[in-house]
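Participant: Each chain is listed here by its residues.
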Amino acid sequence: MLELKNVSAGYGPLQILWGISLKVETGEFVSMVGPNGAGKTTCLKSIAGMLDVTEGEVIFKDAVINKMQTSDITSLGLSFVTEEGCLFTGMTVAENLDLGAFILSDKKKIKELQDNIFDLFPRLAERKKQLAGTLSGGERKMLSIARGLMSNPSILMVDEPSLGLAPNLVDSVFDALITLNKKGVTILLVEQNVHTTLEITDRTYVIEQGHICLQGLSSEMLDNEHVKSCYLGIV
Amino acid sequence: MELSAIGDILVAGLLRGGLFVLMALGLSLIFGVMNIPNFAHGEFYMLGAYFAYFSRTLLGLNPVLCIIMAALGGFIAGSIIEMTAFKALRKRSKGNWVMNSFLLTVGLSILLQNLAQATLGVRFMGISHYWQGSINILPNISVSIDRFAGFVIAMATVALFYLFLHKTKTGNSIRAVSEDEDGAMLVGIKMNKVHTLTFALGALLAAIAGAALLSINPAYPTMGLAPLYKSWFVVILVGMGNVWGTVIGGFIVGIVEAFSYYNLGAGWQDVVSLMVIITILALKPSGIFGKSVRGVWDR
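Residue numbers (numbering that gives the first Met the number 0), protein chains in the order written: chain W, 0 to 234; chain Y, 0 to 298.
Keep in mind that a hint or two might mislead.
[Stated by the list, open to error] Just some of the chain W residues that point at chain Y, by a computed CB distance under 8 Å: (1) A47; (2) D61; (3) S70; (4) C85.
Don't read these hints as lab results, they were simulated from the structure. Glycine included, every Cβ here is placed at the ideal spot set by N, Cα and C.
Okay, chain W solo, but in the shape it has when bound (with noise of 0.2 Å):
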């Protein structure tokens, strides 16, 4: 469904990532671990269109999509999830939800999702008219991954879901996570929680300056002696 094939990319004249190849297949989990500074988000925006992509090429459902704007993939069927989320704080949680389904136009169909998303995040629906920048921050979480579902997405990527949450909202964020996968939602993940990641993804690439250092089935990854040692703290 997704494919990058040599990618480059980076900050002006500074490049972050040296021809990154990986693959989703569909209705897969996929995650992409990595310390700080690897180039992980930096991965995912280059997909999504907010980085220029200066070699190689991203393919997405046999379209190349490294030159279009990031509207149009999201039309795709794309849905990238940022780690700041990128709400729109001044407005009411259920306005962020239809804008979230901005590219639809079939009412029922948006309805459909928004009550699929109230059953996953019961929470937000109790919170429906409220603004979303009086939000909590697992809340805020809820809401920026549930808006990402509202466009009906074949594939959805999630930065880094976990950061600065509690651990209970962290399990209940991920749980989300794999009740949508098993719904046959492809998802593409960053985290630095690696242990968790390894347990409920499919596959794992591992990233390292700009560089896919290691790949495979993330039960394999969980005895992989360098993750052991690199991620997970076991000597």
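Assemble the complex: chain W is given as a structure, and chain Y must be docked to it using the hints.
Facilitator: Just chain Y now, kept in the frame of chain W:
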């Protein structure tokens, strides 16, 4: 001060303020969504006045149609200018957008003033009235129907505009861009479209103000300067991006001016309103209702 004088001042202030509100709303919208400090805003007021004048004198339309023509004209002029000037600037200007776009608006202002002067001349082009006569809005206070109608038109436009921003999908997408640009792009909102529409709507609001006041202020090339400064007063006073704040701010500036006009004379009205603004900015730099301030040097 006598009670009747207070009534006079309030009525005069509200009538003036209503049109400041219209101007300031467009200014605030354009800055909030596009981050452009628009110093060519007065020129859309001027265009609106000319559009209304020619609709009235050449086409002989009725007053309401004249104002609608001016609104359409302002909208079209705004979209053309956005698509030619600002779209091109957006492609080239990487850093310091606020400063660059500010300079572009100043250039546009000079260009439009001189174009008007070259093609239409410097003569005042006004009409004696849209609607003849006057009405008593309070016992002992009578105002010309034109002034009163201008106020009603301004308030109706503000109400429609508010409903548009809050109740329609397009309006919501404009607010979304002013809230968070990245978020707006990520949900699939097309920036170019929103930018063009926003600038055109701002121009439309200014054009309505210019058209509504035609019988009081005739059209001439540099007529936009005074309302431009007045609307900046309002926006600086209340802060950016708040419709209700702008409405209240417009009335405050209107009433302050009417008060100083009545008590100190016409020459003092700008002095007094500027003093009020300086005081408020000294105490609360983001304006009465403003959130955080985005500086000229930020990006």
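Participant: The structure should be examined with respect to each hint, and the outcome stated for every one.
Facilitator: Each hint, compared with the structure:
1. A47: This hint holds: A47 (chain W) lies near chain Y, its Cβ roughly 7 Å from the closest one there, short of 8 Å.
2. D61: 20 Å, violated
3. S70: 5 Å, holds
4. C85: 3 Å, holds
Hint compliance for this structure: hint 2 alone is broken.
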